[in-house]
Amino acid sequence: MTRDEIFAKVVEIVKPFVKNEDALAAVTDDTNILEDLKVNSARLVDIILNFEDEFDIEVEDEDADAVNTVGDAVALILEKLS
Amino acid sequence: MLVGNDVVDLRDSESQPEALHSRFDARVFTAAEREALGVSAAPHVLRWTLWAAKESAYKIAKKLDPTVRFLWREFSTHPMGEGWLVVVHGPHSFDVRVSRTDEWVHSVATHSSARHCSSTHGSARHGSARQDWAPLRSAGSSVGAGVERLTRSDADPSSAVRKFARAAVGSRVECPPSQIRIAAERGIPVAFWRERRLSVDLSLSHHGRFVAWAYGDCVIPDDRRGFAAA
Ligand SMILES: CC(C)(COP(=O)(O)OP(=O)(O)OC[C@H]1O[C@@H](n2cnc3c(N)ncnc32)[C@H](O)[C@@H]1OP(=O)(O)O)[C@@H](O)C(=O)NCCC(=O)NCCS
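Protein sequence lines correspond, in order, to chains H and D. For the record, in the first sequence the residue sitting at position 33 is 46 according to this note's numbering, with numbers rising by one throughout. For the record, in the second sequence the residue sitting at position 61 is 63 according to this note's numbering, with numbers rising by one throughout.
Don't read these hints as lab results, they were simulated from the structure. Note that the structure is a prediction, hence the values are computed from the model and not measured. Be aware that a few hints might be false.
As the list claims (entries may be wrong) - Here are the simulated lysine-lysine pairs, BS3-like style, with alpha carbons at most 27 Å apart:
1) Lys65/D with Lys51/H
2) Lys22/H with Lys65/D
3) Lys165/D with Lys64/D
4) Lys22/H with Lys51/H
5) Lys165/D with Lys93/H
6) Lys32/H with Lys51/H
7) Lys28/H with Lys65/D
8) Lys51/H with Lys64/D
9) Lys65/D with Lys165/D
10) Lys51/H with Lys28/H
11) Lys22/H with Lys32/H
12) Lys93/H with Lys28/H
13) Lys93/H with Lys22/H
Make the full structure from the sequences, and use the hints.
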């Protein structure tokens with residue numbers, strides 16, 4: 014899976030929980046999931062679990078907490094898949 | 003006295019049990035918490051009560067130590083009585099008072115190294131939709147908190163909660179809300195009166211149709227009098 018494909022999948026997984034559609038329309042690696050996309054922190058749990066299911070990986074709580082931006086999520090998934 | 007607060011809109015579609023991932027509870031809650039959820043007559047309310055307790059404690063833990071991470075199960079909740087829990091995280095315990103209606107759950111965590119886990123709070127007064135806590139006073143300290151429903155004119159919850167918090171802090175220090183400014187340091191809200199940082203700890207929260215705020219130990223500036231009416 015390429016980095017771009019992972020990025021697209023991450024955005025697709027995050028999308029249902031996004032409250033700021035404008036920020037989503039302009040999403041980049043630097044987009045902050047909580048602060049820019051206005052995702053509620055409880056929804057981060059579902060997002061992390063959806064990453065696990067979608068990419069067949071295990072994300073430790075410590076790893077999950079380091080995911081601030083979309084780029085962080087992509088990097089984490091790439092690392093887990095490698 | 004440090005404060006952290008969290009509000010959960012119980013009717014928000016995202017909070018409903020069917021909207022949650024099937025492993026949500028296993029990921030977030032300790033074995034004891036899951037056991038309590040398993041036997042609860044109102045698991046939906048309990049789930050968000052426990053979550054709100056953890057998150058309000060986390061908001062204080064992050065103030066005590068900026069390197070703290072929100073590892074959900076490491077913030078363990080311990081029921082102490084009706085509407086009262088203690089959250090333990092590492093060496094710290096946080097006293098958490100929870101109020102609820104059919105529509106929301108609101109938790110207010112407090113921490114003071116000398117008094118944590120004590121039951122020195124006064125009793126909370128709850129209204130219905132518009133709820134305010136009378137400042138909970140203990141020796142030398144007080145906590146004020148409230149939940150407000152957003153109205154059509156409140157386009158942005160962050161602005162709305164700041165409006166209510168400014169009014170509450172302003173009322174506490176006997177200043178017009180227009181003289182109170184709320185800024186952020188590392189995302190944590192801090193209050194200023196006429197560009198001077200107020201000696202008050204503040205916490206803000208918003209979810210769904212509701213916003214909530216809490217403050218602790220609001221000290222009235224010595225030289226406030228004379229300015230207040232200006
Ligand atoms: C603090 C936090 C838990 C609040 O998330 P939330 O439930 O979505 O939001 P709430 O509405 O309850 O609270 C938001 C308010 O908390 C305050 N806040 C933000 N960061 C804070 C912090 N580190 N400490 C204390 N308060 C904070 C702000 O006032 C914010 O309001 P604003 O957005 O209007 O400025 C979240 O922003 C956070 O930092 N989470 C840590 C990362 C995480 O969840 N990791 C888990 C693994 S993925």
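* Violating hint indices (sorted, rising) -> 2, 5 and 7
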